[in-house]
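Asker: Chain by chain, the residues:
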Amino acid sequence: MSAVVDFPVKPEARPYLDAFGSGDPGRRAREPDWLAGYRGRSLARFAELGFPSRHSEAWRYLDLRALEQTPMLPAGAARPVAGEATRAQLAVVGFAGAAYRLVLVDGRFSPELSAIEGLPSGVWLGGMAAAVTERPDLARSAIEAPLETARPFAALNAAFFADGFVLDIAPGVALDRPVEIIHLASGGTGSSLHTRSLVMAGAGSRASILETFAGHGSYWRNDVVELRLATGAEFARVGLVEEAPDALHIGEMLAVLGPASRIASFVLLLGGRTVRHEATVQSQGEATHCALHGAFVLSGRQEANIVTTVDHAAPGGETREVFKGVAAGRAHGAFQGRITVRPGAQKVDAHQLSRNLVLSPRAAIDTKPELEIYADDVKCSHGAAVGDLDEAALFYLATRGIGRKEARHMLIEAFVREAVELVGSPQLREHLLSRLARRLAMLEE
Amino acid sequence: MTAAAPMLEISNLHARLADGREILRGIDLSVNSGEVHAIMGPNGSGKSTLAAVLAGRDGYEMSEGTVTYLGRDLFAMPAEERAREGLFLAFQYPVEIPGVNNMYFLRAAINAQRRHRGEPELDAGQFLRAVRAKLKLLDIGEDLLQRAVNVGFSGGEKKRNEIFQMAMLEPRLAILDETDSGLDIDALKVVARGVNQQRAPDRAIVMITHYQRLLGYVEPDRVHVLQGGRIVECGDKDLAVELERRGYGLLGDATAAE
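Note that the protein sequences, when read in sequence, are chains A and B. With positions in the first sequence counted from 1, the corresponding number in this note's numbering is that position plus 358. With positions in the second sequence counted from 1, the corresponding number in this note's numbering is that position plus 5.
Since the hints were made in silico from the structure, they are not lab data. Mixed in with the good hints, there may be bad ones.
Partner residues are not named here, just some residues of chain A that face chain B (Cβ under 10 Å, in silico) [unchecked claim]:
(1) Leu-375
(2) Ala-772
(3) Glu-776
Just so you know, these numbers come straight off a predicted model, no measurement behind them. C-beta atoms are modelled at their ideal positions from N, C-alpha and C, and glycine is treated no differently.
Turn these sequences into a full structure, and let the hints guide you.
Answerer: The following block contains the structure:
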C-alpha cells in the first residue's frame, strides 16, 4: 500500500513512506496529536531530502549505496525480549562500576534489564515513549524544535523513533554516579532501530552518561540524542560504539550550550561495519567550554566517520578537540571537524587536533579540518596528521627484546590511549581502556 | 685470557647503506666475557653504524664478513632475539615513545626476555621490588618511571634511563653508544658509577665514544680507534689518553699514508 502524499518524494524514501503508512497503528492511537503531527512533518521532510548524497560535504566519505539499494525498514512493535543472549551481551559490554543503568533492547526501553532506582530527587530518568505521555513538558519542547537544516536521517528518526531515554536534572543537582545507557540489538536482520533521546541539564547541575551501543545481527541503528545545558551546567557524555560486525550505525549528538556551561564529549568507535558519529555543538551562551574528543579503531572492511561542528555564536567560548584514528586491513576512516566563530563571538579560543595511524597499504584515513572565523579577536588553530607507526620507536622496543607484534600493539594502544586519557572520570577511562584492549587484540590478526 | 671462544667476534665486517655508501670497511674485533672495550674515533668514522648494525637496525647491507655472538651468527637473529639473548644497546639518542609508560615498557622487556629463557614472568610486585633496588644506583626518582618512555626527559635523564634499563635487563654484552655525550660532569659520574657497578666476569661492555672523558671514570681493558670504517689502532687505556693529547688528525694522516 502506498500512502497518498502531496509532497515530492525521492525514490529511495518511498519504502519508508509506505512503512509509515502501514506500520503500528496502535502506537499512533496512543500518541498525542502534537507528536503525530510532528512525525508527519518529519516524514515529509525526509521524503523531500532523500538519503544524503556524497556530493554533500558532510557525507562525502561514507558509502551508503547498500542502504539505498536495500531498504532497512523500522523494526516491528514487538515488546523487547530480555532473552539469554541479550543478558549475556549486557554482561559483556556493561560498565562494572556503580551506575544508574537504563537498557534499551531493539530500540525500546527494557525495565527488567534496567536499574534506575535510587536516583537523587530532582532527577527524572526514563524511556522516551513514557516521557511523551508522562512528561510532555520535557519531551514536547525538545522534540518539536524545528529541524532547521538538511538532516535527512534525523528527520527519518523523528518520523519513526519508538523510544529512547530522557534524563532531566534539576538545577543545582549533582549526580553521584554516571548514568549508563545501553542500546542493545537482539539479532534481527535487515531492519532499522530509531531511538531519540534527550538530556536536560539544569543550571549548575553536574552529571555524566556512558552510552554504549552493541548488538547481534545486521541492523541499522539511527540514533539521535540532544543535550541542553542550562547556565553553568557541567555535562559529560561518553559514547562507546561496539555494534555487531554487520551493523550500520548512524548517530547524531546535538548539544546546545547555555552561558558558562561545560560539555565534555568522548566517542570511541570500535565495532560495526559502517559507523558515523556526528556531533554538533551550538555554543549559544558566553564563556562556554566544549571538550570534544574521540577515536576510532578499524580493521577488515570497516568504515567510520567522525563529523563534528562547533558553532560559537557567543563570545568567550573555549573548544578543545582531540581525535585519533586507527585503520588496519582495508578499513577506511574519516574525520571532518568544523569550527565556526560567528561575528561578535570575540575571545573564542579553539584548538583542534586530528592524528591518524594507517597500518596497512590498503587502509586509508581522510582528515578535513574546517575553520570558519568571522570574528577578529580569536585564537583558533588546528593540526592534522596521517602516518604509520614510528619505525624508530619499533626499533627501540626491539632492542629491548619486545617482538614486532607486541611492539606494534603497544604503540597503537598508546596512540589511542592518549585520547582516552582525556576522559575525566577514572572509572570510565578504565572501562574504555579495557574495551579498547579487547578490540586491539583482534586488530591485526 | 682464557682459551674459551670470545663472546663477540667480528671478522672483516663491511656494511653499506641502501644508497651504496660503504660505512664499515672491514672491521675486526674480538671481545671476551668480563672485558670492557672502548671504541673511539672522530665523527663519521662509523662508530654509531657499528653499534646499530650489531643491535639489528634495518637499512644496512652487510656485504662481507661475519659476526659471531655467543657462538651464533648474529645476523641470523632479528633485533628482538639478539636482545633476548643478552645483547643491549644504550642509544645515543634514546627514542621518545609517547603514551607508553616507562614501567610498563620495562616490564614488557624483562618478561619478553624471561619467556625466551623459559622463566616465569615477573608479576607487578616482584617487578617493583627489582626496580626499587636499581633506581638508587642511578639516582633516578620513581616519578620518572610513571612518565612515558623518554618523553620530556632531560638529556641526562635519558642517558641515566638507558643505563637503568641495562641494570634491569642484566645483559651479557652491553654496547653503550656515546652514552657520555651531552652530560654534565655530575651526570657523567652517576652514569659512570652505574656502568662500573655492572662490570662482571660474565659480562662484556663496549663503550663507543668520541672523547676520553668517560674513560677517566670507566677504565677500559682495551681501546680501539675506528677511522674511515676500519679499526686503525688498538691499545690499552693509555692509548685513549694519548689520543686526547694528539687528536685523531695525526692518526688519520698515518692511515692515509699506509
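Asker: Given Ala-772 of chain A as an interface hint, is the shortest Cβ-Cβ distance to chain B below 10 Å?
Answerer: holds, 3 Å
Asker: Is the shortest C-beta separation between Glu-776 of chain A and chain B less than 10 Å?
Answerer: holds, 5 Å
Asker: Checking hints one by one. Is Leu-375 of chain A an interface residue toward chain B, by the C-beta closer than 10 Å rule?
Answerer: violated, 50 Å
Checked against the numbered hints above, the structure breaks only hint 1 and satisfies the rest.
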